[in-house]
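The listed protein sequences correspond, in order, to chains P and C.
Numbers 1 to 405, taken from the numbering used here, label the letters of the first sequence in order.
Numbers 1 to 405, taken from the numbering used here, label the letters of the second sequence in order.
Calculated directly from the structure, the hints in this document are not laboratory data.
Please note that the accuracy of each hint is not assured.
Each pair may be met inside one copy or between any two copies, as identical chains are not told apart.
[Claimed, not checked] Listed below are the simulated BS3-like cross-link pairs for lysine-lysine, each with C-alpha atoms no more than 27 Å apart in a straight line:
| no. | residue 1 | residue 2 |
| --- | --- | --- |
| 1 | Lys-161 | Lys-330 |
| 2 | Lys-202 | Lys-15 |
| 3 | Lys-402 | Lys-299 |
| 4 | Lys-330 | Lys-34 |
| 5 | Lys-10 | Lys-314 |
2 protein chains.
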Amino acid sequence: MSGDYAGLIKDLLEKTQSRILLVVADGLGGLPMKPGGPTELEAARTPHLDALAPSSSLGLLEPVGPGVTPGSGPAHLALFGYDPVRYNIGRGVLEGLGIDFPLTGRDLAARFNFATMDGRGDLVDRRAGRPSTEENRRLVRKLRDAVQAPPGFELFFETVKEHRGLLVLRGDGLSGAVHDTDPQELGVPALPARALEPAAEKTAEIVNGVVARAVEALRGEKRGNTILLRGFSKHEPLPTMADRYGVDAFAVAQYPMYRGLARLVGMTVAPHTASAAEDLDALGREFGARTFFYLHFKKTDSRGEDGDFAAKVKAVEELDGIIPPLLALKPDVLAVTADHSTPCRLAMHSWHPVPLLIHSPYCRSSAGTRFTERDCAAGALGLRPSTSLMPILLAHARKLLKFGA
Amino acid sequence: MSGDYAGLIKDLLEKTQSRILLVVADGLGGLPMKPGGPTELEAARTPHLDALAPSSSLGLLEPVGPGVTPGSGPAHLALFGYDPVRYNIGRGVLEGLGIDFPLTGRDLAARFNFATMDGRGDLVDRRAGRPSTEENRRLVRKLRDAVQAPPGFELFFETVKEHRGLLVLRGDGLSGAVHDTDPQELGVPALPARALEPAAEKTAEIVNGVVARAVEALRGEKRGNTILLRGFSKHEPLPTMADRYGVDAFAVAQYPMYRGLARLVGMTVAPHTASAAEDLDALGREFGARTFFYLHFKKTDSRGEDGDFAAKVKAVEELDGIIPPLLALKPDVLAVTADHSTPCRLAMHSWHPVPLLIHSPYCRSSAGTRFTERDCAAGALGLRPSTSLMPILLAHARKLLKFGA
């Protein structure tokens, strides 16, 4: 969606109390395991989605563009209506979102690995023997105790998992245009942080100072005597969904990265939930008071990543099971779609468009009768970029005025 | 369609005598009245369109973009191949088109209402008691007699209908960036015309002078002692269809706004017609001599706006009835589509894509067998922006050369 189009939509907004419920079944789109076979959606028993399909509009959404396999960050931003190429969230920032770290607009974030170097400073293990998360916490405490930020800056070391951590530098004038220090090979020293543009030279200098003090702090560790930094990125606050779409948006997601992505676009995020029942409770408590709801459903992606067809089919059936309580909330518009496809056939994210179902009183029926990739391909909504979804949902919720006379 | 693409199409044009007939059934796209029910097109008996469908290419066109409900102006411009966001025709200009006022490139147009204010100048009726059109004409004569344009400018007051009128100011250096004088509420005075940018200050000053003299002229009227102005817009002549597509275009439309829109893109417009038979006569007289024909069919929109499903179904059946005489003209390409949808379910324009049928010797068949929204969604032409239509019609008429070797 071009910048001008976003401006047009904003000009046409009309605030109403109608409620949109967007269910994102992560990695829902699939593939046949054998040519001509059924996809996960086709193989699953989905009586509730099947009951909705004939009176809903079906279609396909393409997350980033033809042929592009997206990560969860760009795929979600596109669903929320943000051009994922323009709003390219850096890896450091995503790592921060993934551990619920409260990033501010003055923060530079980077991922780090604990790594091991020999006496000459050459790397011998880029993952420090894959320490336990507990061991990671011990090393992070050492860094926190010994490494100081330069005057005017704040410094945060955070454990992520095993050998992985998050470094956040907070202060004015920082830049994300800094090259990784991870050389991605063994037998060579870590690279110095190098500015990719003149405005990043001060940042690179600070980072190099931080790394030098980290190495001092970790001296004597047999495994994990240095850190390798990757994915430097500045946290740039995005325009909010309230600003762009006039909605009061609420997010329910069991995994921190999705809560972080929702927070990034200004949604209010439900406290941590750990089951479908808790998700539904969280939605139910807010449903009278807000106008946009994002519910994240993770299992379809996890089972796809495992490449376990039967398990992903079961996850689809679990998704189907929450449709009746979601309908009982009486949303004005219910949309069920995915951020990206995660076909078991590939056991990873893929570039295939994702199925979309929109249920409202203003839907055209599609030729198909089930919520499957095949029926969605012949559906009333056609094949569209994921960034088209938000204006279509707003229209079905009667939140957009007419353009021109 | 980007500017570059329009340039490419222009480069590829080949003038031929082949004839394109574009039938725009206003507001044709519909919705089921009840979830899963038939749309107006599905409910109608359309033997002639049904006979064409299997050997025609079907598809869907989206007038402005996802979720956007267009007015007739932008929706028609898009069908004619003009980006409706870039060529945003102002309300004043549209009002002028709607009464066949011959606008020039030096004209600033605005809509006005006769309104009533009390002794202190506060508005008590924004529509002056909804006078008859005859009474409007009497008040307009008073304005014409008493209000003079400043030197170097010309001024036109025109009756539109009831309380509505058109003001046109003609001269050099006028700007449409002037705020409405209609405050949209009662108990307050009319607003002064205010420039929205420095270049509009002179225009605002002239308008304020015109309004002051209009108030003097209307003094003593019990109802309609002032005018409220809205939708200031400069008439910017558009590139013509002859220039962009090499066609000699002819328009037949019973309603003035559509004749005006056709004139805006340089079509020759048939004299006023008042029935399908007169429309067909007008087309028939020109059919040997020109290469592009636009026929506007209004009833489908009017009955949709009424929310009268049975009446819109009947209008669709009337549309079907003119297919045989249109085919008898032997166009090389016949296209039947809509400017926008006007579902009876909503009783207003909507954002839903519109059905498209293209009949020519070079058509791929679609999966469907009828000209309905559902079959069009699965059709050979896919879902496209309305601005894509013109190049596709030119191609089917063999008016475009190969690009590259």
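Results for each hint:
In this homomeric assembly, Lys-161 and Lys-330 never come within 27 Å of each other (Cα to Cα): the closest approach is 40 Å inside a single copy and 44 Å across copies. Taking identical chains as interchangeable, the C-alpha atoms of Lys-202 and Lys-15 are never at most 27 Å apart, the minima being 45 Å within one chain and 36 Å between chains. Taking the closest pair of Cα atoms, Lys-402 and Lys-299 come within 27 Å of each other only across two copies (20 Å); inside a single copy the shortest separation is 40 Å, beyond that limit. Taking the shortest Cα distances, Lys-330 and Lys-34 sit within 27 Å of each other only across copies (17 Å), while inside one copy they are farther apart (39 Å).
Taking identical chains as interchangeable, the C-alpha atoms of Lys-10 and Lys-314 are never at most 27 Å apart, the minima being 40 Å within one chain and 38 Å between chains.
Consistency with the previously given hints fails for numbers 1, 2 and 5, ordered from lowest to highest.
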